[in-house]
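From just these sequences and the hints, can you work out the full model?
Sequence order for the protein chains is A and B. In terms of my numbering, the first sequence opens at residue 263 and continues consecutively. In terms of my numbering, the second sequence opens at residue 376 and continues consecutively.
Calculated directly from the structure, the hints in this document are not laboratory data. Ideal placement from N, C-alpha and C gives every residue a C-beta, glycine not left out. There could be a bad hint or two in this list.
[Said to hold, decoys possible] No farther apart than 20 Å at their CA atoms in a straight line, the calculated lysine to aspartate or glutamate pairs in the EDC-like style are these:
{"hint": "1", "chain 1": "A", "residue 1": "472", "chain 2": "A", "residue 2": "439"}
{"hint": "2", "chain 1": "A", "residue 1": "551", "chain 2": "A", "residue 2": "539"}
{"hint": "3", "chain 1": "A", "residue 1": "631", "chain 2": "B", "residue 2": "465"}
{"hint": "4", "chain 1": "B", "residue 1": "389", "chain 2": "A", "residue 2": "293"}
{"hint": "5", "chain 1": "B", "residue 1": "389", "chain 2": "A", "residue 2": "615"}
{"hint": "6", "chain 1": "B", "residue 1": "407", "chain 2": "B", "residue 2": "502"}
{"hint": "7", "chain 1": "B", "residue 1": "462", "chain 2": "A", "residue 2": "634"}
{"hint": "8", "chain 1": "B", "residue 1": "389", "chain 2": "A", "residue 2": "291"}
{"hint": "9", "chain 1": "A", "residue 1": "582", "chain 2": "A", "residue 2": "634"}
{"hint": "10", "chain 1": "B", "residue 1": "602", "chain 2": "B", "residue 2": "498"}
{"hint": "11", "chain 1": "B", "residue 1": "460", "chain 2": "A", "residue 2": "615"}
[What the hints assert, rightly or not] Estimated spans, in silico, between C-beta atoms of each pair:
{"hint": "12", "chain 1": "A", "residue 1": "623", "chain 2": "B", "residue 2": "553", "range": "47 to 57 Å"}
{"hint": "13", "chain 1": "B", "residue 1": "392", "chain 2": "A", "residue 2": "402", "range": "16 to 26 Å"}
{"hint": "14", "chain 1": "B", "residue 1": "392", "chain 2": "A", "residue 2": "327", "range": "16 to 26 Å"}
[To be verified] One side of the interface only, derived from the structure: several residues of chain A facing chain B at Cβ under 8 Å:
{"hint": "15", "residue": "624"}
{"hint": "16", "residue": "632"}
{"hint": "17", "residue": "684"}
{"hint": "18", "residue": "685"}
{"hint": "19", "residue": "687"}
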Amino acid sequence: MSTSDDWTNYTKRIEELAARSGLSFHPVEFEAVPDTFMMEIAVYGLPVRMPHWSFGVRYIYQLIQRHMGNSRLFEVVFPGNPGHAYLASSNGLAENILVTAHVLGHADFSRNNLMFKRCQGQVSEHIVEHAANHARQIQQAIEQHGMQRVEAVLDAALALEQHIDIDQALRRERYPEYAPDPKTLADDSFRKRFAQLEPTAASTGMEVKKRAPVPPHPERDLLWFVANYAPEMESWERDIFLAVREESFYFYPVFATQIMNEGWASYWHARLLREADFVPQQAYVDAIKCHSDVVRPVAADQQVALHINPYHLGFAMWEKIVERDGLDGARHIMEQDDDFSFIRNHLTRELADELELFRFSARNDGHIKVLEQDLGGLHEAILGPKYNFGAPSVSAAHVRTDGTLELTHDNSVDGRGLDLERSRRVLDYVQRVWRRPIVLSTVNQAGSTLELTAP
Amino acid sequence: MPETSESPPSTAAKWYDLFSRGARDWLRHDEKVRESVRKHLPQIVSGADVINESARTVRVPVRMLEHYHFRLRRPEEQQGAGQGKAKPGDVFSDPSKQRGPGEKGQGGQDEGEVQLMLEFKIDDIVDWLWEEMQLPNLKARVGPSEDSDWVREGYDRRGARSRLDRRRSFKEMVKRRGNPAAQPTFIDEDLRYRQLARRRQPAVHAVVFFMLDVSGSMSDRDRKLAKTFFFWVVQGLRREYRSLETVFVAHTTEAWEFTEPEFFQVSGTGGTVSSTGFNKVREIISARYNPARCNIYLFYASDGDNSVSDSAESRESLTAITGDACFTGYVEVSSGLSRQLATETGRLYAELQTAGCAAGSYALNDFDDVWGAVRHFFSAEAKALDGT
Numbered sequence: 263m264s265t266s267d268d269w270t271n272y273t274k275r276i277e278e279l280a281a282r283s284g285l286s287f288h289p290v291e292f293e294a295v296p297d298t299f300m301m302e303i304a305v306y307g308l309p310v311r312m313p314h315w316s317f318g319v320r321y322i323y324q325l326i327q328r329h330m331g332n333s334r335l336f337e338v339v340f341p342g343n344p345g346h347a348y349l350a351s352s353n354g355l356a357e358n359i360l361v362t363a364h365v366l367g368h369a370d371f372s373r374n375n376l377m378f379k380r381c382q383g384q385v386s387e388h389i390v391e392h393a394a395n396h397a398r399q400i401q402q403a404i405e406q407h408g409m410q411r412v413e414a415v416l417d418a419a420l421a422l423e424q425h426i427d428i429d430q431a432l433r434r435e436r437y438p439e440y441a442p443d444p445k446t447l448a449d450d451s452f453r454k455r456f457a458q459l460e461p462t463a464a465s466t467g468m469e470v471k472k473r474a475p476v477p478p479h480p481e482r483d484l485l486w487f488v489a490n491y492a493p494e495m496e497s498w499e500r501d502i503f504l505a506v507r508e509e510s511f512y513f514y515p516v517f518a519t520q521i522m523n524e525g526w527a528s529y530w531h532a533r534l535l536r537e538a539d540f541v542p543q544q545a546y547v548d549a550i551k552c553h554s555d556v557v558r559p560v561a562a563d564q565q566v567a568l569h570i571n572p573y574h575l576g577f578a579m580w581e582k583i584v585e586r587d588g589l590d591g592a593r594h595i596m597e598q599d600d601d602f603s604f605i606r607n608h609l610t611r612e613l614a615d616e617l618e619l620f621r622f623s624a625r626n627d628g629h630i631k632v633l634e635q636d637l638g639g640l641h642e643a644i645l646g647p648k649y650n651f652g653a654p655s656v657s658a659a660h661v662r663t664d665g666t667l668e669l670t671h672d673n674s675v676d677g678r679g680l681d682l683e684r685s686r687r688v689l690d691y692v693q694r695v696w697r698r699p700i701v702l703s704t705v706n707q708a709g710s711t712l713e714l715t716a717p
Numbered sequence: 376m377p378e379t380s381e382s383p384p385s386t387a388a389k390w391y392d393l394f395s396r397g398a399r400d401w402l403r404h405d406e407k408v409r410e411s412v413r414k415h416l417p418q419i420v421s422g423a424d425v426i427n428e429s430a431r432t433v434r435v436p437v438r439m440l441e442h443y444h445f446r447l448r449r450p451e452e453q454q455g456a457g458q459g460k461a462k463p464g465d466v467f468s469d470p471s472k473q474r475g476p477g478e479k480g481q482g483g484q485d486e487g488e489v490q491l492m493l494e495f496k497i498d499d500i501v502d503w504l505w506e507e508m509q510l511p512n513l514k515a516r517v518g519p520s521e522d523s524d525w526v527r528e529g530y531d532r533r534g535a536r537s538r539l540d541r542r543r544s545f546k547e548m549v550k551r552r553g554n555p556a557a558q559p560t561f562i563d564e565d566l567r568y569r570q571l572a573r574r575r576q577p578a579v580h581a582v583v584f585f586m587l588d589v590s591g592s593m594s595d596r597d598r599k600l601a602k603t604f605f606f607w608v609v610q611g612l613r614r615e616y617r618s619l620e621t622v623f624v625a626h627t628t629e630a631w632e633f634t635e636p637e638f639f640q641v642s643g644t645g646g647t648v649s650s651t652g653f654n655k656v657r658e659i660i661s662a663r664y665n666p667a668r669c670n671i672y673l674f675y676a677s678d679g680d681n682s683v684s685d686s687a688e689s690r691e692s693l694t695a696i697t698g699d700a701c702f703t704g705y706v707e708v709s710s711g712l713s714r715q716l717a718t719e720t721g722r723l724y725a726e727l728q729t730a731g732c733a734a735g736s737y738a739l740n741d742f743d744d745v746w747g748a749v750r751h752f753f754s755a756e757a758k759a760l761d762g763t
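Given below as structure tokens:
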């Protein structure tokens, strides 16, 4: 038997230990795969996903990174029932024992965290299979309509992949066609008295239905909006938009709980390993060494890192929380929070000092200055890149009678205007499926309003 | 064969051993880059630096394509969070990372630094360009016009015994076994066969004269413009003629024949007397080439400032050449001033054209004009040849 088979002997026992320690998870299917495939999973975010040239670009960057020895992937896990965990076949025994425990931490998290539960409730617990289905469906579309046309749709859909509205349902109804009747609102006592004051308004008896504007309010879910309201989109094109959107609904909780989730899994792999008396001594020592490499805050040869390792931060925070609130308290937080509330509520001044976290300001020319300590500012510096799925706040504001789509960028939320050149390119992508003109308003450097148009 | 009830999972090949989606999508990216390079090929290749005659390829540096997303404008200054031994007020300088933190959007399409070097075969480029610009294929004035032939191109694992490439197959065997000293044993996978591809082959013989004015008024840039133009003319003519000879003549008030590398380095001083050049060309034609057997082309690049006293003689000499040649062309390189052929030599060619000779002229002021010039001459030649 080869070493890669050895670790499977421990899987069962680690699972039992995890269950005894209070973790509750769906069964996980483990599979050891070659490093090349691990890399592809990391590039695509899913084991089988739709084809697009932009993944090819990421793939090359990954290859370069790997050749420079920068990154090594031990595992990738996909939530679901059953969950799927892919382990690099180059992992040693110790690494695989550690990774198994880590994966169970993730499985516990994704089964119990509310945001995960909600999204999985909508996307289903079989995202891996769904994504493979999307890939097949898009492959068929390519055969039927040609690479060029399908690629044009994917260019647009994937460019908007972060622009979803997670607060709405995945399967959303179209807007009501007519504006709500004002009389149906007249239910409370104020409205009744108001109606009495002006009897003419209440008694016209004319049933005038008013068409609701589209969209009735600024719409953040651009993928949904384009798929539903594009004047001349074909049904296979809509399907591609909706496929990308479904995958985005899956990706969102992974993105929005990264610090908590990686921290939770790291906390549990460390703890389970400590308690696993069945692991041979040497494997234990190797695994602990591997653990400290993964959760290390700053690279070995450096004093300072200009980014924060989410594994380390999350791990350190969960250790403090378990110490403070006990395991039940920690589980409660794990279930309720996402990274935003987690960081704001539980990254305290003392912990930030202990971890030597700091805030800095970087200028374009590479000049970097460490700023005064400020806990609120530190929270925002960590969370800043995570707002709105990491994308600018662009929403659909109006569709003109000639079909022109008006998009607006809310610079008051984002603090500055859009990158004009890139935005123009995105409009070009989207215009090819919207098939009518698109106007996007944002602000320029000086802060005055500016309109981009396509074509 | 008896069926085995258990197939060991460790040896069964999984689909991901056989197929890489990353590589597939990378190839698609590559294809897109090639498509867009191809669209802008005339602009790219007219920059003279990409031309490398000996290699028969053109190397074009390209950046990776970016898939665009909505992104905020890059701010002058941006905040980030870090970890380690740093006190408020500490200052670092990080020139390698000229970018704020957190800007690495999802998927990290930010790294625009990697450059690819794409290599194109000059033959392919010329084919595309001729197709793109719908340039006519020339007809030879003498001899059969075209022929197609098989040429070697690449290798395959299958093929006829007679095309087995032993050297290549041996290499594959060594690669597989990793030990060149061991007794050579070939398996089918090692064998490599030469592939053949059908290419249009020009059938007949031609000579093209490139005549360059190197008088004091021609700047380096003018010479480089002329060189770029000449390079693509040669490529175009190679499509037509199996053996294409080139003759390089430079002149000031005298004329000399040069080899190709010398030709473009030559710079002279003094005035311009075109007839010396034309006479040199005539001399070479009568000494080496028989106009009845060989298609003759003359391309002349000059700033057009021929001395007025020479006009009669150069007219006579050029007319004589035109009688023998398939085509004579004139490019006026005057990067500083665009006089649009209103020069002594320009007028001379205009006269010839009016007289119905196979001649043409074009004003070349910039590298962007090179393709205009090539197109102009090849269309004019085709027309002139149709007329004869």
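Hint check results:
1. Restraint check: the Cα-Cα separation between residue 472 of chain A and residue 439 of chain A comes to about 9 Å, which is no more than 20 Å; the hinted pair holds.
2. Our distance criterion of 20 Å between C-alpha atoms is met by residue 551 of chain A and residue 539 of chain A, whose separation comes to about 17 Å.
3. About 6 Å separates the Cα atoms of residue 631 of chain A and residue 465 of chain B, which keeps this hinted pair within 20 Å; it holds.
4. This hinted pair checks out: residue 389 of chain B and residue 293 of chain A have alpha carbons roughly 12 Å apart, not beyond 20 Å.
5. The hinted pair formed by residue 389 of chain B and residue 615 of chain A fails the criterion: a straight-line CA distance of about 49 Å is larger than 20 Å.
6. A distance of roughly 19 Å separates the Cα atoms of residue 407 of chain B and residue 502 of chain B; the hinted pair therefore holds under the 20 Å criterion.
7. With a C-alpha separation of about 8 Å, the suggested pairing of residue 462 of chain B with residue 634 of chain A holds against the 20 Å cut-off.
8. Proximity of residue 389 of chain B to residue 291 of chain A is assessed by CA-CA distance (about 16 Å); at most 20 Å being required, the pair is judged to hold.
9. Restraint check: the Cα-Cα separation between residue 582 of chain A and residue 634 of chain A comes to about 25 Å, which exceeds 20 Å; the hinted pair is violated.
10. Distance hint between residue 602 of chain B and residue 498 of chain B is fulfilled; the C-alpha atoms sit about 19 Å from each other, no more than 20 Å.
11. The straight-line distance between the Cα atoms of residue 460 of chain B and residue 615 of chain A is roughly 11 Å, inside the 20 Å bound, and the hint therefore holds.
12. Taken as a hint, the range 47 to 57 Å holds for the pair residue 623 of chain A and residue 553 of chain B, whose Cβ atoms sit roughly 55 Å apart.
13. For the pair residue 392 of chain B and residue 402 of chain A, the supplied restraint of 16 to 26 Å holds, since their beta-carbon distance comes to about 25 Å.
14. Taking the beta carbon of each, residue 392 of chain B and residue 327 of chain A are about 22 Å apart, inside 16 to 26 Å as hinted.
15. A least Cβ separation of about 5 Å between residue 624 of chain A and chain B falls short of the 8 Å threshold, and the interface hint therefore holds.
16. At its closest, the beta carbon of residue 632 of chain A sits 4 Å from a beta carbon of chain B; the interface hint therefore holds under the 8 Å criterion.
17. Below 8 Å, beta-carbon pairs count as interface contacts, and residue 684 of chain A has one with chain B at about 5 Å; its hint therefore holds.
18. Interface restraint check: residue 685 of chain A against chain B, minimum CB-CB distance 6 Å, threshold 8 Å, status holds.
19. The beta carbon of residue 687 of chain A comes within 4 Å of a beta carbon in chain B, closer than 8 Å, and the hint placing it at the interface holds.
Violated hints, listed in ascending order, are 5, 9; each of the other numbered hints is respected by the structure.
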